[in-house]
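Work out the full structure, taking the sequences as your base and the hints as a guide.
Listed below are the residues making up each chain.
There are 2 protein chains.
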Amino acid sequence: MSQTRILEPTPSAHPYPLLIKQLLLSGRRYEANREIVYRDQVRYDYNTLNERIARLANALKASGIGPGDVVAVMEWDSHRYLEAMFAIPMIGAIIHTINVRLSPDQITYTVNHAEDKLILVNDEFLPLLKGIHDQFTTVENYLLISDSDNPQVPADLPFVGEYEALLAAQSPDCDFPDFDENSVATTFYTTGTTGNPKGVYFTHRQLVLHTLVETAVMGALSSNPLMNSDDVYMPVTPMFHVHAWGVPYVATMMGVKQVYPGRYEPDLLVELQQREGVTYSHCVPAIIQMILGCARAQEVDFKGWKVLIGGSALNKGLALAAQDKGVQLSAAYGMSETCPLLCGAYVTEVMREELSDEAQVDYRIAAGTPVPLVQLQVVDAEGNAQPHDGVSVGEIVVRAPWLTQAYFKEPEKSEELWANGWLHTGDVATIDGLGVVKIRDRIKDVIKTGGEWVSSLELEGLMSLHPAISEVAVVGVPDPQWDERPFALVVVQPGEAVDATSVKEHLKRYVDEGRINKWAIPTQIAVVESIPKTSVGKLNKKQIRAEYADYLNGEGAFLSSV
Amino acid sequence: MSQTRILEPTPSAHPYPLLIKQLLLSGRRYEANREIVYRDQVRYDYNTLNERIARLANALKASGIGPGDVVAVMEWDSHRYLEAMFAIPMIGAIIHTINVRLSPDQITYTVNHAEDKLILVNDEFLPLLKGIHDQFTTVENYLLISDSDNPQVPADLPFVGEYEALLAAQSPDCDFPDFDENSVATTFYTTGTTGNPKGVYFTHRQLVLHTLVETAVMGALSSNPLMNSDDVYMPVTPMFHVHAWGVPYVATMMGVKQVYPGRYEPDLLVELQQREGVTYSHCVPAIIQMILGCARAQEVDFKGWKVLIGGSALNKGLALAAQDKGVQLSAAYGMSETCPLLCGAYVTEVMREELSDEAQVDYRIAAGTPVPLVQLQVVDAEGNAQPHDGVSVGEIVVRAPWLTQAYFKEPEKSEELWANGWLHTGDVATIDGLGVVKIRDRIKDVIKTGGEWVSSLELEGLMSLHPAISEVAVVGVPDPQWDERPFALVVVQPGEAVDATSVKEHLKRYVDEGRINKWAIPTQIAVVESIPKTSVGKLNKKQIRAEYADYLNGEGAFLSSV
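Taken in order, these protein sequences are the chains called A and B. Position one of the first sequence corresponds to residue 194 (the numbering used here), numbered consecutively onward. Position one of the second sequence corresponds to residue 194 (the numbering used here), numbered consecutively onward.
A portion of the hints provided could be inaccurate.
No copy labels: a pair is met if it fits in one copy or bridges any two.
[Claimed, not checked] Computed cross-link-like contacts, SDA-like style, restricted to lysine to any residue with a CA-CA straight-line distance of at most 20 Å: (1) Lys637 to Gln736; (2) Lys697 to Gly643; (3) Lys606 to Thr203; (4) Lys254 to Lys631; (5) Lys602 to Leu200; (6) Lys606 to Asp743; (7) Lys323 to Ala693; (8) Lys214 to Gly628; (9) Lys606 to Leu200.
Simulated from the structure, these hints should not be mistaken for lab results.
Now the structure itself:
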């Protein structure tokens with residue numbers, strides 16, 4: 194086969210590697226006077242942002258940080274976090290955004306695994322740090338962050354100083370070098386249900402491309418205008434969580450006013466939204482629920498606030514409740530491994546014209562349509578793409594220019610992630626005739642029975658419609674004949690009773706309607722007082738599977754073979 | 194110095210080269226039923242667009258075209274041109290967009306220089322082709338494009354067939370390969386005032402990046418919303434002219450309805466704008482003037498039509514006249530060498546709130562603000578960046594990820610273009626305190642006198658305000674003491690007279706106001722009956738400079754040393 198034509202640039206041509214520093218060029222050019230706001234404490238403009246980023250870079254260099262070094266951050270959402278997201282990678286170092294909600298042991302593991310050299314730490318986390326720092330194997334120094342007027346730099350740990358004092362001592366100019374666009378810029382850890390946290394990482398090139406596509410998706414899709422340059426942005430997804438979904442980079446590139454709320458306090462979030470005129474945020478469903486439910490929220494009108502929802506499925510009840518308060522919710526889909534943007538809700542022009550607002554909500558809460566440059570398939574266990582019929586389930590696999598290229602120092606898990614050259618999301622979904630992706634389950638929770646995949650989430654949803662059932666969890670348990678069979682735990686409504694026959698009759702209706710197949714009806718159901726949950730309130734299916742045998746022999750349980 | 198961290202991807206990870214084929218993924222996913230319209234002749238949806246691109250790719254392969262081959266197109270703006278802009282590069286070949294307005298000799302030169310192997314040619318250009326094809330050195334075949342119901346494939350040239358017949362014979366599926374993102378995708382020629390046309394070229398990577406940033410700029414800047422996904426797009430800049438400014442790629446990526454007008458006929462353009470609901474176009478000032486002046490335009494209201502203006506300076510009179518007809522004009526700046534996007538007009542939020550609509554027009558007609566990822570400076574002859582004071586003039590030099598990396602097979606001119614690692618635009622400009630770039634002149638027309646740069650355009654503008662002067666041209670002529678001195682040709686208003694003193698007094702006012710310095714007042718002025726013009730009606734400064742000595746001795750001329 195002949196070759197494509199690749200020409201040598203003329204010797205003086207400037208090679209233009211895609212680097213995070215270039216995202217800083219335009220925001221200040223468009224709106225130099227736009228503000229970056231931190232709570233009710235700090236307020237400055239884009240010129241100052243640029244200067245402070247240069248000062249921070251100079252301070253880091255003076256602290257011995259250079260290209261390839263890993264600098265970790267333990268901080269709530271702040272202007273300082275934004276500065277660090279630029280300054281650290283712009284000197285060729287790597288920002289490790291520590292998830293401060295992990296257990297102390299997990300934080301220790303990630304600090305050592307990432308090979309952190311310096312940690313920027315908010316003084317709120319000093320007690321935590323003091324309990325674990327002697328287990329750190331690579332950390333040489335700390336840098337103190339504080340909201341206090343008179344911050345005290347601890348003497349018993351090797352601190353290079355306090356953030357504001359260090360910045361003040363440095364020049365507001367810094368000549369940021371060019372380097373390979375494939376240099377790692379960011380890293381953070383994702384926790385599964387088993388094993389150690391896994392490190393994902395993203396390069397300068399990947400973050401620039403992610404930023405450009407996210408700008409286009411949030412700004413140029415008429416279906417769902419989310420953030421144009423006059424919007425006012427406040428993240429309500431922690432900045433240590435997948436680059437706050439990449440939006441701080443987008444906002445900075447476009448010169449958007451940005452509001453950083455620090456540690457999330459519902460009343461303060463409402464206060465900031467109102468006072469600063471915030472029009473665009475993003476968060477997980479639990480957070481918007483918390484905000485809408487807080488005392489201050491009952492007194493205000495949120496009209497004009499667009500909130501992108503990710504992380505967990507967005508249900509219609511929440512979307513409608515938010516709408517009543519003036520908040521327009523819409524869903525997007527992505528994960529730590531994917532930078533994160535993969536899909537966003539989209540409503541076609543015809544549907545916008547023909548469907549009621551309420552009917553459109555069904556599309557606004559779906560994972561949605563893959564964004565530009567994302568290739569997405571739903572595949573069966575053999576890797577065959579499933580039809581776009583809204584029914585055939587399979588695992589979502591993707592390709593895009595911004596996916597982690599491995600788990601750091603985990604060759605086997607990396608190859609699992611990228612089996613067959615597609616990134617395996619572990620999410621099970623359908624795609625309908627309009628191309629709309631709907632998440633059905635996590636693949637580890639799907640029940641593989643008799644060659645069919647049964648969604649545990651869907652089955653739980655249908656069982657929960659039984660009038661006597663108040664809570665339900667379904668897992669797959671081993672079966673010699675069918676590989677796995679569904680096993681359900683149910684909590685019964687007070688004063689009610691359930692028996693196998695009534696559950697079977699209840700589910701058979703959905704079999705007849707074609708919503709589930711007959712293999713989905715659980716063979717075994719155990720009635721329990723309560724269902725095991727994780728620390729964040731999700732069903733703990735790992736524990737349920739582990740304790741399956743106990744349930745079978747448990748008191749108050751009944752076995753059925755419906 | 195230590196190194197940035199570059200990690201090997203896990204072996205199975207998918208490397209994701211940036212390729213034009215990926216721009217095709219999303220449009221159809223968002224709006225499969227959106228239309229591509231060609232005049233009143235063709236109308237199909239995005240699914241069909243995708244199929245036709247695959248069919249064309251298969252037809253090209255069947256015609257012996259493979260990676261690295263150059264396929265030229267001689268065609269007016271059409272759905273077929275759009276298909277070619279995708280299909281040709283997607284098989285690894287290079288699309289050469291021939292400027293059909295060049296002279297036959299120039300076309301021959303570009304065909305041979307680009308090494309065209311196949312030419313897609315609209316039957317309108319067959320007479321032209323028949324006059325020059327025997328001078329072609331690399332062309333092996335032709336492919337006929339026709340609007341006729343019964344196209345006749347000429348027998349006397351090696352035609353592989355007719356476009357629609359060839360597409361019909363092919364499969365609507367094509368497996369487009371991955372290859373190096375630095376492969377050349379497009380090429381075309383730019384003509385200066387001297388020498389042969391020069392070939393510029395752009396890679397897949399460059400076009401993907403240009404598309405993403407252009408999408409963001411046109412869609413997400415609140416100052417100037419130009420094209421969101423629900424807009425309806427019709428180019429009125431020929432597709433052979435710098436990728437129709439890149440907008441067909443943007444429109445296709447976002448699933449925008451597209452209208453292609455064929456050969457430009459003012460009444461038809463108005464008809465299409467009205468009938469198809471076109472909301473976004475782009476063109477040079479002369480074309481919008483032609484459209485607004487045509488008969489059909491007098492009967493309609495263009496309300497909602499946004500037109501981006503580039504190619505030449507947009508003057509305020511035209512912008513206001515267009516506004517009266519409902520057309521919102523705004524300027525952008527770029528050139529053949531730059532893909533083309535460099536700058537776009539931007540009005541800050543404060544100015545939008547505080548200035549009248551008419552005052553804002555001054556900003557909407559300026560070259561504007563550099564777009565994201567573009568680095569731009571205005572430099573003096575030694576390469577020193579000039580201050581942002583709105584007065585200091587210098588040449589615009591740029592860096593961006595989408596600039597031609599050389600002139601094809603022109604090593605010396607390539608090094609001139611990229612001297613000191615910055616692309617030299619040849620445009621002279623100022624940047625004001627708000628960062629707004631205003632083009633002042635072409636560098637070859639600037640008058641370098643006594644170490645100062647005098648803008649010939651500005652001087653012409655000021656002289657034209659003299660009540661007795663109806664037309665004026667200013668060029669620099671050699672001067673032993675000052676390097677150059679301004680020399681002016683003037684045409685006097687009927688019934689009026691000018692003398693040196695009155696011109697001097699007129700200009701001295703602007704010296705006192707600080708708009709020009711005293712060196713700008715021309716030493717020599719010649720009164721003439723008419724001023725030499727180029728074929729497109731621009732002042733022919735090359736000829737004026739060449740004939741300078743004649744003017745000095747010419748009849749009716751007067752010499753002054755004001």
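Each hint, compared with the structure:
no.	hint	result
1	Lys637 to Gln736	within (13 Å within a copy, 77 Å between copies)
2	Lys697 to Gly643	within (19 Å within a copy, 97 Å between copies)
3	Lys606 to Thr203	between (43 Å within a copy, 10 Å between copies)
4	Lys254 to Lys631	neither (47 Å within a copy, 38 Å between copies)
5	Lys602 to Leu200	between (36 Å within a copy, 10 Å between copies)
6	Lys606 to Asp743	neither (32 Å within a copy, 81 Å between copies)
7	Lys323 to Ala693	neither (54 Å within a copy, 85 Å between copies)
8	Lys214 to Gly628	between (36 Å within a copy, 19 Å between copies)
9	Lys606 to Leu200	between (38 Å within a copy, 16 Å between copies)
Checked against the numbered hints listed earlier, the structure breaks hints 4, 6 and 7; every other hint is satisfied.
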